[in-house]
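Grab the two chains, each in its own frame, and use the hints to assemble them into the complex.
Protein sequence lines correspond, in order, to chains C and F. The first sequence begins at 0 in numbering that gives the first Met the number 0 and counts up by one. The second sequence begins at 0 in numbering that gives the first Met the number 0 and counts up by one.
Bear in mind the hints are in silico, worked out from the structure with no lab data behind them. Errors might be hidden in some of the hints.
What the hints assert, rightly or not - Derived coverage of chain F by chain C (criterion: at least 3 residues anywhere in the stretch with Cβ under 8 Å from a Cβ of chain C; other residues may be distant): (1) 91 to 100; (2) 169 to 177; (3) 246 to 258.
No residue lacks a Cβ here, since even glycine has one placed at the ideal position from N, Cα and C.
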Amino acid sequence: MSDVVITMEHVYKKFRKGEVYNSLRDLLPAVTGRMFRQQELNQQDTREFWALQDLSFEVKAGECLGIIGRNGAGKSTTLKILSRIMKPTKGRMDVHGRLSALIEVAAGFHQDLTGRENIFLNGTILGMSKREIESKLDQIIAFSGIEEFIDTPVKRYSSGMFARLGFSVAAHVDPDVLIVDEVLSVGDYAFQQKCIERMRNVLLGGAAVVFVSHNLRMVADFCQRCLLLDRGRPVMMGPPHEVIFEYLRNRSGKRTEAAESGAAQITSVRIRDENGECLSFRSGQKAWIDVEIRARARCSKISITLYFIHDTAGELMEASTETLGRGNFDLDEGDVYRCTFELSLNFGSGTFHPSVLVYRHHSQTLYDVWEPAGTIFVCSEDGIRGISNCFPRVVHQKIERVIRPEAAPTVEQVNDGGQHNSS
Amino acid sequence: MREQLREFYKYRGLLYMLTYRDIKVRYKQSIMGFLWAILMPVLIVLSGIVVRYAYALAAHTPLQTADITGVAVKSLPWAFLVSSIRFSCLSLINNKELVTKIYFPKEIFPLAATLASLFDFVIAAGALLVFLVVMHIGWSMYLFWIPVLVLTTVLLSAGVGMIVSAASLYFRDVKFIVEVFLTFGIFFTPVFYDVSMLGSKGKWLLLNPASALLDGLAACVARHQSPDIPWFGYSLACSLLALLGGYIFFKHLEDGFAESI
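Bound conformation, chain F alone (with noise of 0.2 Å):
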């Protein structure tokens, strides 16, 4: 494995080409340009908005700006999971010539579309700080975990889109369940609510790693409180272990990519 590592680091500069084209190609394609970047955050924060919204008209209690700001929050990592776990599970397939036609490290397509959705989620924060700036939602000693609990997800959805790239490369299908999965994820994953609205049964759905980190955010931006330590380590624990455990699957079915594409 360390061979394995040594040679990626030798390719490092194709990591960067390569999330240079995703993200060049991207930004041509649309006329919207880095509107793009920001458009499905929007999209989410005006959902979340219109759930809060209901939420509080049949709770009978006012909508809060903490409310707003905390799905505003979430609503930028969530849609940095999808949209990289999207495009790296079609990363293999969409470069069907480059993965038959000349050798290198393939796990560079994944980890591309991951860093390139970096992008994109570091241009919506950009937008999203003259927001919150514009809500006075002011400062704390929290805000430094946000590196933390961000560069944990980019871990996770790093690990996940190394594993269903490669399983997608072999069955036609995944592409399917993971575009199921990320529909209906935003349900599993306390995104328009919290997790402390569900009483309880709240702990359940810490149990999907992404829960814990999005709360966490919530929690260190909106509400200036620490985020619950012990389900965060449990988030970064799944988060490691889906990198290690998706990098040794990765590279384990790796040798047959170009005979089976």
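The shape of chain C in the complex, shown without the other chains (with noise of 0.2 Å):
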């Protein structure tokens, strides 16, 4: 079980950002052009960029990796060598036995066939002999759950169930190593216990899963080790939890690209508990987030939003000091302004990114967005799950028991049952 399926050595892929030239209509020109003026060929060179640099791992048959990092990390780009659809540009990739992608999972379907031609098309795009495909047809259709529809044009399909034929034929490859990217996301949630319960097969069949997702719960309950990607360099590689906590604390406080250029600027936010500045709560724990505003030009009627967002759920609450009864206040350029806001995290276990943003008076200038400004983790006790904690309690229960006449109950054994099971 330990031979290596994928070796990735020092792999580096560059991309040319800007212009291509993409006809022969300005290649022509500029070639000539390039003959007399040296400096133009220079100019290119520098709109290239290192879409991944040094990245080296290795996948073992029967291991989950899962590769984690923001927009941009190179998450995609490192899956595409992998599936070889484009070539690193230095560096080697080794894939041993067959690959299969859930990527795009319909991308090889033609509106225009039924869906059984269809699978047989998409089932040889993907590697796959019509044999192998004739035997699996009728499980490939069982899987879908559209057997009605199989002779149907798939242009009539609604996009889940065209997403679902294309992941059916998909997961029906034997694959050695199986890549997937997000796929998760389509079907409704029997599909995607399906989807689950097909890769954990695959793994369970000793195949290597490379696994590229933005849900750090379903990376943490799959892959043994995880790796994350920041701007094409690789950061961390090693166990889930480890990675998934540095790539969320790196997260924090890294403002989005809005409003560089706003008048008034978040210059810091803080989230702490009693004791000081803090990551961690309990459920139910106060925090206090302090906020720092200052103007880079006079501005006036300025509030705070203070909101927090989740991964999967969005929003999850909203306040502004406008709303909460401070009204709004006039800042001078240079002046700094601070308020804090102190509230009760009521959330079940999980991570949350509590956001800060500076508006003018009823939303109609946004000046700075940070989001999120952070990242907490809230733990709540066992017994209570999703994303919020309303702090439930049973405090009355009772089993009325079905009178029989053989054993005719009595009243005090059904209340001395209610007792022990409150006790």
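Given below as structure tokens:
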């Protein structure tokens, strides 16, 4: 079980951004022009950027590697190199055995062909032989759950059916290496469960899985190891929990590009408990969030909004100094404004991203946004699941037994049982 | 290169599937169905008859059956060449999704387009056969040249197809240039007329590798003669060169397809 199936050795990938000559009409004048002006050549070189730099890792059979990182970190490029769609500029990449990628599973579909024909087409594209597809056809159709529409052209399918059929075909390729990219977001809950089941089976069958996702919980559940990428460079490789922690820690305090030029800027956001700066909390604990704003020019009627973001559920809470009855205020150039929000973290277990924005009265102008301004961990006691914690308790319990003729129970017995349970 | 060919062989089932898809989709979409395959040859034959009739009028000679059958025989491989190169040229661009998402040898796209056009050619050839039988064109040993000539034509179009498909992926205007060449190519290829009509200048026309192939087909089917062997040799050499050069060119550019499309 310890044979290495994927080897990446010092892989670099360079892309050229900006204008590329993509028609002869543009190219010919450019080439003739370049003969006379040498400097244009150099200019072109500076427009290149490295999408991946010095990436090395190995994946063994039966192992699942998760890759996480922000948008543009190089996750998709890594997958494209793994699936041989792109060649590394430098370095070596080796995959032993059949590779199957769950990326855009319906890419090979043709709108005018029926579901059945598309199974054959897509199956062949994914590297199955005709005989192999024939033997698995019934399974594939059953897995997709669209038996009745299998002889309908796929252009009449809903997008969900489309994706499901695509996934069923892809899932029935028996790969030595499986690459999964965020496909699990398609389909309803039951279908997602099927997909997860399938991934588990592939892993149990001894294949290697490389898994890219923004869903950190799935990465933590599935992977033995996790790789964190940042702007094309590998930052950390190790057990998923540690890598995810590092990723979230790094993400804190970085501003989005919005409103760099705003008249008022957020200069710091700090989250603390009663003892000082803190990132992990117990459910229901009190927290304080200090916000500091600096005015770069005169601005009037400013308010601060605090809101919480959750990775899958979106916005959880929003409040502003204005809605909380503190009104708005004016700042002159160079003025610094500080405020502190106090709140009870009635969240369930998970990670939450407090975010802050500065706006002008009634949201007419947005001055600055920090989303997320940080990330906090909340842990709630066992037995409470979900995003929020409403502190449920069982305060009353009673069983009313059906009265059966052979053994007529007495009222005392029922009450007895009830008391037993609650003690 | 042996490695590349082995991989191509591994994916031969895909070549078959994509050819099947191209054929199926083309016939599904058109109401005319199989008439589609003979539409273009029929139009070429009709325009050929008009041209030949005009020649005959100008030269004060009667229009002969052999002239019409000659045009009919040549129009089919010409229609094949045009549609094969046209579809190959667009094959990568039109399959953008597959080029950027899934790995397999990409020469399958232009080759599948060539094979799908070959299917049209076979259908049309069936119709032509009926026409030739009705015209009482007769037999000769030279008919054995047909598979050789057709195969050479297929090799030529496959080679050119690979070149133009890869080039059109990198340069968007290549497809317009190809279209112009295909439209006016009929005047530089002896489809409506014979090479002999141009006298000694006809040799220049034979530099077009398609010329000797079309003329050879007309010779052995309509005129019961052997094709011009040296010029056929030239065309065969050109075709093999196009196929080999096209393959190497295509494979050389293939690595950048996903990024450049």
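Taking the hints in turn, this is what the structure says about them:
Evaluation of the coverage hint for the segment 91 to 100 of chain F: fulfilled, as 4 residues show C-beta separations to chain C shorter than 8 Å, against a requirement of three. For the segment 169 to 177 of chain F, the stated coverage by chain C is satisfied: 6 residues place a CB nearer than 8 Å to a CB of that chain, which reaches the threshold of 3. Residue count for the segment 246 to 258 of chain F with a Cβ under 8 Å from a Cβ of chain C: 3. That meets the three needed, and the coverage hint holds.
Consistency with the previously given hints is maintained throughout, with no hint failing.
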